[in-house]
Amino acid sequence: MNTGPYGNFLRLVKLPGFDPLFSGHTDAYGPLAVSGDRAQQKVRFRVAGGGVVYFLFVVSRQTSEQTHGQCTGCWMVDGVAPVPADP
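Offset between the sequence shown (1-based) and my numbering: plus 88.
It is possible that part of the hints are untrue.
Stated by the list, open to error - Pair by pair, the computed Cβ-Cβ distance ranges are:
no., residue 1, residue 2, range
1, Leu-109, Glu-153, 25 to 31 Å
2, Gln-154, His-113, 16 to 22 Å
3, Tyr-117, Cys-162, 18 to 24 Å
4, Ala-116, Val-165, 26 to 32 Å
5, Asp-174, Gly-105, 16 to 22 Å
6, Val-146, Pro-104, 18 to 24 Å
Simulated from the structure, these hints should not be mistaken for laboratory data.
Virtual Cβ for every residue (Gly too), placed ideally from N, Cα, C.
Modelling step: build the complete structure from the supplied sequences, incorporating the hints.
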């Protein structure tokens, strides 16, 4: 909903900084932090050459008002952002 049509979302995640989502391999998952109907989790991706990058995934449980009853109770992605490794 925030980015508009699905094609807009695809253009966003295909920007250079998001390449590891498509070309990397999920390597590890951080703790899942749930607060009510929202949750977030840091995910580590291993990329070519042995490097690692991290992304934070933010999701929310959908209400009937958001989905008109089609996906009520489903967890859907609200955002994905590259984040630094923990110190």
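Hint by hint, here is what the structure shows:
The hinted range of 25 to 31 Å is satisfied by Leu-109 and Glu-153, whose Cβ atoms lie roughly 29 Å apart. Roughly 32 Å separates the CB atoms of Gln-154 and His-113, a value that falls outside the hinted 16 to 22 Å. The supplied range of 18 to 24 Å is met by Tyr-117 and Cys-162, whose beta-carbon atoms lie about 20 Å from each other. With their beta carbons about 19 Å apart, Ala-116 and Val-165 fall outside the hinted range of 26 to 32 Å.
Checked against the hint of 16 to 22 Å, the pair Asp-174 and Gly-105 passes, with Cβ atoms roughly 19 Å apart. Against the hinted window of 18 to 24 Å, the Cβ-Cβ separation of Val-146 and Pro-104 comes to about 21 Å, which satisfies the hint.
Going down the numbered hints, you'll see the structure goes against 2 and 4, while the others check out.
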